[in-house]
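There are 2 protein chains.
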Amino acid sequence: MLSFDSDDARYIAELAEYVAIPSISRDADRETMLAAARWLVEKLDFADARIVETGGHPAVVGEWLGAPGAPTVLVYGHYDVQPTGSLDEWITPPFELAVEDGRLRGRGVTDDKGPVYMVLEVVRQFMAQEGRLPLNVRFLFEGEEEIGSPHLPDYVRAHAAELAADLVISADGAMWRASEPSLSIASKGLLALDVVVTGANRDLHSGRYGGTVANPVHGLVQILDSLHDPDGRITVAGFDDGVAPLSDAERAEIAAVPFEDADYRAELGVQALHGQPGLSTLERLWTRPTLEINGITGGGWYTVIPHEASAHITCRLVPGQDPQAVAAAVEKHVLAQAVPGVRVEVRVEPGGVPAYTIAPDHPAIRAGRQALAEVYPGRDVLLARIAGTLPATVLFEETIGAKTLFFSFSTADELLHAPNEFLRIPRLREGMRAWEQLLRLLADGEHRLAPMNR
Amino acid sequence: MLSFDSDDARYIAELAEYVAIPSISRDADRETMLAAARWLVEKLDFADARIVETGGHPAVVGEWLGAPGAPTVLVYGHYDVQPTGSLDEWITPPFELAVEDGRLRGRGVTDDKGPVYMVLEVVRQFMAQEGRLPLNVRFLFEGEEEIGSPHLPDYVRAHAAELAADLVISADGAMWRASEPSLSIASKGLLALDVVVTGANRDLHSGRYGGTVANPVHGLVQILDSLHDPDGRITVAGFDDGVAPLSDAERAEIAAVPFEDADYRAELGVQALHGQPGLSTLERLWTRPTLEINGITGGGWYTVIPHEASAHITCRLVPGQDPQAVAAAVEKHVLAQAVPGVRVEVRVEPGGVPAYTIAPDHPAIRAGRQALAEVYPGRDVLLARIAGTLPATVLFEETIGAKTLFFSFSTADELLHAPNEFLRIPRLREGMRAWEQLLRLLADGEHRLAPMNR
Numbered sequence: 155m156l157s158f159d160s161d162d163a164r165y166i167a168e169l170a171e172y173v174a175i176p177s178i179s180r181d182a183d184r185e186t187m188l189a190a191a192r193w194l195v196e197k198l199d200f201a202d203a204r205i206v207e208t209g210g211h212p213a214v215v216g217e218w219l220g221a222p223g224a225p226t227v228l229v230y231g232h233y234d235v236q237p238t239g240s241l242d243e244w245i246t247p248p249f250e251l252a253v254e255d256g257r258l259r260g261r262g263v264t265d266d267k268g269p270v271y272m273v274l275e276v277v278r279q280f281m282a283q284e285g286r287l288p289l290n291v292r293f294l295f296e297g298e299e300e301i302g303s304p305h306l307p308d309y310v311r312a313h314a315a316e317l318a319a320d321l322v323i324s325a326d327g328a329m330w331r332a333s334e335p336s337l338s339i340a341s342k343g344l345l346a347l348d349v350v351v352t353g354a355n356r357d358l359h360s361g362r363y364g365g366t367v368a369n370p371v372h373g374l375v376q377i378l379d380s381l382h383d384p385d386g387r388i389t390v391a392g393f394d395d396g397v398a399p400l401s402d403a404e405r406a407e408i409a410a411v412p413f414e415d416a417d418y419r420a421e422l423g424v425q426a427l428h429g430q431p432g433l434s435t436l437e438r439l440w441t442r443p444t445l446e447i448n449g450i451t452g453g454g455w456y457t458v459i460p461h462e463a464s465a466h467i468t469c470r471l472v473p474g475q476d477p478q479a480v481a482a483a484v485e486k487h488v489l490a491q492a493v494p495g496v497r498v499e500v501r502v503e504p505g506g507v508p509a510y511t512i513a514p515d516h517p518a519i520r521a522g523r524q525a526l527a528e529v530y531p532g533r534d535v536l537l538a539r540i541a542g543t544l545p546a547t548v549l550f551e552e553t554i555g556a557k558t559l560f561f562s563f564s565t566a567d568e569l570l571h572a573p574n575e576f577l578r579i580p581r582l583r584e585g586m587r588a589w590e591q592l593l594r595l596l597a598d599g600e601h602r603l604a605p606m607n608r
Numbered sequence: 155m156l157s158f159d160s161d162d163a164r165y166i167a168e169l170a171e172y173v174a175i176p177s178i179s180r181d182a183d184r185e186t187m188l189a190a191a192r193w194l195v196e197k198l199d200f201a202d203a204r205i206v207e208t209g210g211h212p213a214v215v216g217e218w219l220g221a222p223g224a225p226t227v228l229v230y231g232h233y234d235v236q237p238t239g240s241l242d243e244w245i246t247p248p249f250e251l252a253v254e255d256g257r258l259r260g261r262g263v264t265d266d267k268g269p270v271y272m273v274l275e276v277v278r279q280f281m282a283q284e285g286r287l288p289l290n291v292r293f294l295f296e297g298e299e300e301i302g303s304p305h306l307p308d309y310v311r312a313h314a315a316e317l318a319a320d321l322v323i324s325a326d327g328a329m330w331r332a333s334e335p336s337l338s339i340a341s342k343g344l345l346a347l348d349v350v351v352t353g354a355n356r357d358l359h360s361g362r363y364g365g366t367v368a369n370p371v372h373g374l375v376q377i378l379d380s381l382h383d384p385d386g387r388i389t390v391a392g393f394d395d396g397v398a399p400l401s402d403a404e405r406a407e408i409a410a411v412p413f414e415d416a417d418y419r420a421e422l423g424v425q426a427l428h429g430q431p432g433l434s435t436l437e438r439l440w441t442r443p444t445l446e447i448n449g450i451t452g453g454g455w456y457t458v459i460p461h462e463a464s465a466h467i468t469c470r471l472v473p474g475q476d477p478q479a480v481a482a483a484v485e486k487h488v489l490a491q492a493v494p495g496v497r498v499e500v501r502v503e504p505g506g507v508p509a510y511t512i513a514p515d516h517p518a519i520r521a522g523r524q525a526l527a528e529v530y531p532g533r534d535v536l537l538a539r540i541a542g543t544l545p546a547t548v549l550f551e552e553t554i555g556a557k558t559l560f561f562s563f564s565t566a567d568e569l570l571h572a573p574n575e576f577l578r579i580p581r582l583r584e585g586m587r588a589w590e591q592l593l594r595l596l597a598d599g600e601h602r603l604a605p606m607n608r
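Keeping their order, the protein sequence lines are chains A and B. Per the working numbering, residue 155 is the first one in the first sequence, and the count goes up by one each step. Per the working numbering, residue 155 is the first one in the second sequence, and the count goes up by one each step.
By construction, these hints were calculated from the structure, which means they are not laboratory data. Even for Gly, the Cβ is constructed at its ideal location relative to N, Cα and C. Do not take every clue at face value.
To be verified - Here are some, though not all, of the chain A residues that point toward chain B, as calculated from beta-carbon distances under 7 Å:
#  : residue
1  : Ser-157
2  : Thr-238
3  : Ile-245
4  : Gly-361
5  : Ala-368
6  : Pro-431
7  : Gly-432
8  : Ser-434
9  : Arg-438
10 : Thr-468
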């Protein structure tokens, strides 16, 4: 067993440095992104870590290959973070790590800086205390996960040999609940697009032109309203093509997971839940595709007929859905709704990814369950699914032929992507101990990874 | 005849000073609003002009009552301006008056600083060249017209005796087209309200919560889409209560006004016009109430289910509609659309105003037509309507019992309320000459105003 610190002071201080770098992949300049990458490189000096160019924000790679004959894992994570959203909604500044009530608050602390920090600390302690790692480990930390990893595919394809591994272990992802250790066996795919509706060649006075021209906001809301029926079913023809109905076995497996709608409603502060009828909340969350309007904007709080209105939409995809086919189906539906007098454009973002799954009896899942069981004795380790998207998983399977184990100590309720993102402090040392166990189990014993023929 | 300058240089220079004061009633601080008010006071030194408190932004009043036995008019206008909207869309900075292609560009130049400047210059020249005005003139310039004149009613009610007049002449408003002189015999009322839809107690990750909760943007677009049918009819029950169908006489009067849909489409850059079926464009614009979504906002361009979405709506009202009853009808309709899992709130702005009309044979209309005919010889003076709103008109009728003549040399296409607002330079001297004629005609001859019994 490795020896970890007896309190969290050093961990928090180091993580605070990392969170202080506002590495928002959507907005930050190169110097800021480089600062976050350099922070990682410094932690991985023993693994020949280095900053590499991708065509977008740089990535960090490294490797320690001092265990010949042992399996090799590739640890994946990201150093970029989401935009802050409205600063007014943050209790404390997003890039100043706040410690409060057993939680750390700051943008990126749980997605994905904290979870990445845990594995860095574990491998550093292996080197410091044992002089070696239990197996070969490669590292890949990207800087564009929050914008859909636009440059990762080309980079990984071009460097597949340098990234070769028997398993990818992702420090990104999240356990679905703090009270029950769990491993995810699936994540949803992602497709993002904008709908832009334009009307006249300028903003018009709402009195002097009202009643004579199509208002782009009206045109947009008509389109957006047509995407679901009032019960919450997606009405886009072809959207569900290839999606298998839930089997009885899947329904039983999901029903076995403790889940109370009343608790979920209370946590979210809503009077009622909403979505496709005939399915339980967890069935919808884990197994059904979604189409959510993330943002909408047009005009302003004064008397205009705006000349443009637009919305940002993301679809979460499940196995069987092809992102390009879904994009085409949504575009066809949207364009068919356009009223005369406005122009409607659908802008599909590049980088759509299909859903991902790993078999429940894969050695990595079995090793992961045992590692969690040792850290959380007496608690069942559940097999859950990630309703979010990890684009890298599909890519690694295609390029280096390895499955991905999600091994994150983030929790789904920690305000990922929202103001006041946080991480529970006890997770720091729990996560480190679990990573230690996982690496040992994958190296030796009944869950040992079979090294590929290379 | 008064003698005016032989070119516009001095007029433009003085107007540039006035436009340079960013008197945005929605945002500006007191000192900025006072600066605009002081600029007016300086121009009206002969009329004992002074700044008066209203409880909101100050107003400017003054009077020259040196024509005993002659009628009295109250000249009304406003010194406040609309917000700029996006600065990126302005060709030149909004508060630096630009001279280009026979036009002056700047926020407020045509609504209402330029039109007010014209009448100030005329009365100053009367005093300078003739030592008197043809009739008694009072002045009232407010600083809150663009935010719905919230404090004007109380001020006018409390000072009705000081503002007493036989006619109000408004330097606000706009001719509907540059090529044809016109007078307006009606303006629409206004009702503004916000619809706010709230969901969970925070923004949620669109993957980790997608498919389980009602998305407030979805809830909002469903509500907004329900306000019109696809053809553009307003579907709110009770919205039209009290609105008379168009009479054959009105339809004939409007049909006599030259108007080409093709030209209108080309000016606006749209492929098709839109609105209540069965009516001509001008009939819709001039005589039908509207409900326009001016602005919409919620979430952002990232993967969230936002916790709130909202829209700003204004309704333009026609004779027969009571603003409070319309507000109640819209609120009832909106609340009835709320889906389970979201909260819907309707916030009606105070200060709703009904529509306004003046009879086509009122002496003021007859005098105005003659004044315009003298300035624009050979061109028909049309009777038009203002599809915009002038809240002060209804107020003056209620409080001092006087009708209002709109006598503005702004034109409806001059980007009022939008970026790149402009005023046609020739309108400066045309407007001054017309004001001179109007004041002379109202004082003497067949269109002389009958002084009220006071």
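Cross-check of the supplied hints:
no. : hint    : verdict
1   : Ser-157 : violated, 35 Å
2   : Thr-238 : violated, 10 Å
3   : Ile-245 : violated, 12 Å
4   : Gly-361 : holds, 3 Å
5   : Ala-368 : holds, 4 Å
6   : Pro-431 : violated, 12 Å
7   : Gly-432 : violated, 13 Å
8   : Ser-434 : violated, 10 Å
9   : Arg-438 : holds, 4 Å
10  : Thr-468 : holds, 5 Å
When the structure is compared with the earlier hints, violations turn up for hints 1, 2, 3, 6, 7, 8 and for no others.
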